Structures are given as C-alpha cells and as structure tokens.
Amino acid sequence: MRTLFYLCLLFVCGQSIAQGESSTANNSNPQYSQVGQWQFSIALGIGQKSNPLVGGKDIPIYVIPSVYYYGESIYFDDGVLGYSFFENQRFTVSTLVKLNAHAANFYRWHPGNIFIPSTQSLDSLAPATDTGKDEQTDVDIEQLAKRKWALDGGLQLNYFADNHLMFQARWSRDISNVYRGDSISLKLEKSMSLSNDNQFQLKVSVGADWHSANLVDYYYGVSARDDVDSSLQFTGKSSVNWFASTTLTYHISSQWRAVMTLQTSKLDNNISDSPLVKDSTINTTFIGVAYDF
Amino acid sequence: MTSNRKRYFTISNLLACLLLVMSPLISYADEPVSLSIKPLACIVKTQGQPCELNVTAHWQTNVPMNLCLYQRNNLIQCWKKQRQALKRFSIEITESTEFRLLNSKQEVVASVQIAINAATPTRYRRRLRADWSVF
Numbered sequence: 012m013r014t015l016f017y018l019c020l021l022f023v024c025g026q027s028i029a030q031g032e033s034s035t036a037n038n039s040n041p042q043y044s045q046v047g048q049w050q051f052s053i054a055l056g057i058g059q060k061s062n063p064l065v066g067g068k069d070i071p072i073y074v075i076p077s078v079y080y081y082g083e084s085i086y087f088d089d090g091v092l093g094y095s096f097f098e099n100q101r102f103t104v105s106t107l108v109k110l111n112a113h114a115a116n117f118y119r120w121h122p123g124n125i126f127i128p129s130t131q132s133l134d135s136l137a138p139a140t141d142t143g144k145d146e147q148t149d150v151d152i153e154q155l156a157k158r159k160w161a162l163d164g165g166l167q168l169n170y171f172a173d174n175h176l177m178f179q180a181r182w183s184r185d186i187s188n189v190y191r192g193d194s195i196s197l198k199l200e201k202s203m204s205l206s207n208d209n210q211f212q213l214k215v216s217v218g219a220d221w222h223s224a225n226l227v228d229y230y231y232g233v234s235a236r237d238d239v240d241s242s243l244q245f246t247g248k249s250s251v252n253w254f255a256s257t258t259l260t261y262h263i264s265s266q267w268r269a270v271m272t273l274q275t276s277k278l279d280n281n282i283s284d285s286p287l288v289k290d291s292t293i294n295t296t297f298i299g300v301a302y303d304f
Numbered sequence: 167m168t169s170n171r172k173r174y175f176t177i178s179n180l181l182a183c184l185l186l187v188m189s190p191l192i193s194y195a196d197e198p199v200s201l202s203i204k205p206l207a208c209i210v211k212t213q214g215q216p217c218e219l220n221v222t223a224h225w226q227t228n229v230p231m232n233l234c235l236y237q238r239n240n241l242i243q244c245w246k247k248q249r250q251a252l253k254r255f256s257i258e259i260t261e262s263t264e265f266r267l268l269n270s271k272q273e274v275v276a277s278v279q280i281a282i283n284a285a286t287p288t289r290y291r292r293r294l295r296a297d298w299s300v301f
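Chains as they are written, first to last, in our numbering: chain R, 12 to 304; chain L, 167 to 301.
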C-alpha cells in the first residue's frame, strides 16, 4: 500500500512537471465554478460502500447527488460550508464547517452515506476480507453507546500549482462538543486529460489524515459507557490513515458524463485494532453516468 | 468572318439557353436581403440577468419575397411577396440571441445577433473540493 502511494506520488509529480498550465477559467473547466450560481449534478450507476465496523452493513450506491455554490467568498460544496477570506491565483485560505464523517458508520442515513465519501473517512466501502481478528473478540454494534453526529469547524489552505495540481491542508476541530478532538488532513490532487479534446479526464488523489486520540477514542474506543464485556475495552490513540483515489471521466456531451471512481484507504493500527473494526483496508467503487443540470 | 459571327452567335445562344435552364434553380437565398435589427446590444449588470428590449426589425430586397422572421426557433412574423417590411416588438432575453430571416424553402437569407454584455464580467472561482465529491 505504501509502495502504491509513493508510485502515485511520483506519477502525479512527474505529470505536473511535464505539463504546463494550459487551461483557463471558464465554465467548461470542472476545476472552476461560476460565482453566484448553484450547480446541481446527479450520478446514476452502481457501486458499493461498505462499513469497516464489525457487523456494519455494506451500502449499495445507485444515486449520487452533487450540489455546490461559490459566491464571492462563501461557498458550499457537497456538504462543506466555507468562507474564503484570502484568495489569489495560487492560494486560497478558508474557514469551514462540515459534518464529521466518522459517525456515518453508525447511521444509515448520514449524508456521508448518501454522497460518495472520500477515503479520508471511515465511512467508505470495506472489502469482504478479514484481518484475521478473532471474531469472538468483536463486539455487537447494537450494544454500544450511541456515537453522535459531530460538527467540525476548521481552517483550510489550498495551493494550486496550476490548473491541474492542487495541494490541500486542513485542520478541523469538533465544535459541537461531541468527541472534543482534532483532525489534520493533507491531500494532493492531480487532474489530467487523457485525450487531446479533453473528453477523457483522470483525477488522482493521495493523502493522509491524522486524527487525535479523542476522536479515535470516541468513535472506535470501547469503554464503560458501552454495554460490553470489560475485557473488550479499547482506548483509541491518535492515528494516521493513508488514502488514494482515482476518478475517470468520459464526457459524452456537454451535460452527460460517464464516471468511474475507485478509492482505497489504509487504516492506522490504532483504529483497526479496535474490537469495533474488522477491516484495515477500505475501498469504495462506483461506475455510472452523471448529468449536470 | 462569317464563321466567327456564327460561332459568337452559337455561344450566345448556348449561354442564353443555359441561363434559361438554370433560372428555376437559382434560389431566393441568392437574392441579397438586408436585415437590420435595433438595438444590437443590451447591457445587464451581471451575466444571466434578463434584458427587456423594444426591437425594431427592418428588411428589404430587390424582388418580392416570402419571408419569415424568427428569434432562434420562435416565429415572430411572416410576410408574403414583399420587397421590404418593418416590425416592432418587445422581447426579454437572458443571453445573446440570433434573429433570422427564412425564405419559403426554410433557407436562412439573413441573420443578425443581439448581444448581451455584462457590466460585471462573469467570475469564476476554483472549486475547493469536498471530501466526498466524485465530480
């Protein structure tokens, strides 16, 4: 997995050096949004999102909505509400609020289960593989104390090397007083055209998420608050999860696109060792067509 | 000399015949039609805002023609066997719109565009990407 990560990193950096800045800001460039205009898209197809928790049910994906709006400073992009207080050609610095995605494992109708999640969070598809953990040491999710939804607020820095390469750093903290922890996310995103007419486009992302001990412990720790055997108690520690994703898009017409996405994430041992978690590698898949309204 | 005159006469006859035969094939689309639309532009504050206009359309040609004026695919008015016509009407447009004159064969014989210009140019921002977006 780590080898794959470095290979991806080399690939995107190499592409970046080889490819100069060529695209311009316009409405045909998916990297840009027209200021002051809501954009709606819907993708129909087939995919799967599994739950890495013991006993967690996989969630099939047939419909993925997408909504975003960018004002002069404020923006809403698929569940993230932000305010950019500094923006130039290379850098954007924003404050933001968003739902923490970890609760999605415990609720069927969490937004993270309706939109396609990134591999940055644990609410993605887990394969049917088992880590070899003794099933008898696992706990029943139903016996656990309720893991609440949480609202995160934070700061985000976006650096655009050109129109095809973006680096994102984000710090966020629980502002809803639920888990009382922090997260730091680093992501490198590269988009490229596979054909001269820009019909075939590929987007690759790699990155890592650091989660504080409080976050890991609240969602994946097992303690006296849970109605389980005391021998199963587990204290969460700070964790770093690696992730990589790729999305292939084929533009059929100005409004229709064929979309395929694959995402994978490697969970830190400090999470996958939890008796609540059965898988340490998480994957998300989706293939379908998208329509822009 | 007589031979030359004969050849000239034959060529003239041939040309005349050719013109006679071709004349039905020469369409009205070849007939010059001048179409003028006023105003030709509308200024809005920002792109996408509607623009209400009182439009004057005038066309003229050398021979009487059957013509119809369209705003894109919407018919505004038709005229029969006229050399010129004037039409005043009101419209509301949100983007640059083409006006076309079509003859009875549905051929475009003239077209003019009313352009919409925004006082504030359309702005674009880079998307900052949500975690779960596949778009």
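No lab work stands behind these hints: they were computed from the structure.
Just to be clear, a hint being listed does not mean it is correct.
As the list claims (entries may be wrong) - Covered stretches of chain R (chain L as the covering partner; in silico rule of three or more C-beta atoms under 8 Å from a C-beta of chain L):
hint, region
1, 84 to 97
2, 160 to 168
3, 280 to 294
Said to hold, decoys possible - Ranges of calculated distance between the beta carbons of each label pair, as one might list FRET restraints:
hint, chain 1, residue 1, chain 2, residue 2, range
4, L, Val274, R, Asn207, 44 to 54 Å
5, R, Asp151, L, Thr288, 12 to 22 Å
6, R, Asn209, L, Thr288, 19 to 29 Å
7, L, Cys234, R, Glu98, 20 to 30 Å
8, L, Lys204, R, Asn209, 31 to 41 Å
9, L, Gln279, R, Gln266, 23 to 33 Å
10, R, Gln59, L, Val274, 24 to 34 Å
11, R, Glu83, L, Ser270, 22 to 32 Å
12, R, Pro76, L, Lys204, 25 to 35 Å
13, R, Tyr261, L, Ala284, 30 to 40 Å
14, L, Arg289, R, Phe304, 31 to 41 Å
15, L, Glu218, R, Lys68, 37 to 47 Å
On a predicted model such as this, the values are computed, not experimentally measured, just so you know.
Every residue gets a Cβ at the ideal spot worked out from N, C-alpha and C, and that includes glycine.
- Query: For the pair R:Glu83 and L:Ser270, does the Cβ-Cβ distance stay inside 22 to 32 Å?
  - Reply: violated, 52 Å
- Message: I want to verify a distance hint. Is the separation of the beta carbons of L:Glu218 and R:Lys68 within 37 to 47 Å?
- Response: violated, 56 Å
- Are at least 3 residues of the region 280 to 294 of chain R within less than 8 Å of chain L when you compare beta carbons? violated (count 0)
- How does the Cβ-Cβ distance of L:Val274 and R:Asn207 compare with 44 to 54 Å: does it lie in that range? Cβ of L:Val274 to Cβ of R:Asn207: about 32 Å, so the range 44 to 54 Å is violated.
- Task: Starting from the range 31 to 41 Å, see whether the pair L:Lys204 and R:Asn209 falls in it by beta-carbon distance.
- Result: holds, 39 Å
- Message: Quick check: do three or more residues in the region 160 to 168 of chain R have a beta carbon closer than 8 Å to a beta carbon of chain L?
- Response: As far as the region 160 to 168 of chain R goes, the hint is violated, because 1 residues have Cβ atoms under 8 Å from chain L.
- Query: Taking the CB of R:Pro76 and the CB of L:Lys204, does the distance hold inside 25 to 35 Å?
  - Reply: Between R:Pro76 and L:Lys204, where Cβ atoms are some 46 Å apart, the hint is violated.
- Message: I want to verify a distance hint. Is the separation of the beta carbons of L:Cys234 and R:Glu98 within 20 to 30 Å?
- Response: violated, 50 Å
- Return holds or violated for the Cβ distance of R:Asp151 and L:Thr288 against the range 12 to 22 Å. For L:Thr288 against R:Asp151, whose Cβ atoms are near 55 Å apart, the range 12 to 22 Å is violated.
- Task: For L:Gln279 and R:Gln266, compare the CB-CB distance with the range 23 to 33 Å and indicate the outcome.
- Result: At 24 Å between Cβs, range holds.
- Does the Cβ-Cβ separation between R:Tyr261 and L:Ala284 fall within 30 to 40 Å? holds, 33 Å
- Query: Against chain L, does the region 84 to 97 of chain R show at least 3 residues with beta-carbon separation below 8 Å?
  - Reply: Per the Cβ count (7), the hint holds.
Violated hints for the displayed structure, listed by number in ascending order: 2, 3, 4, 5, 7, 10, 11, 12, 14 and 15.
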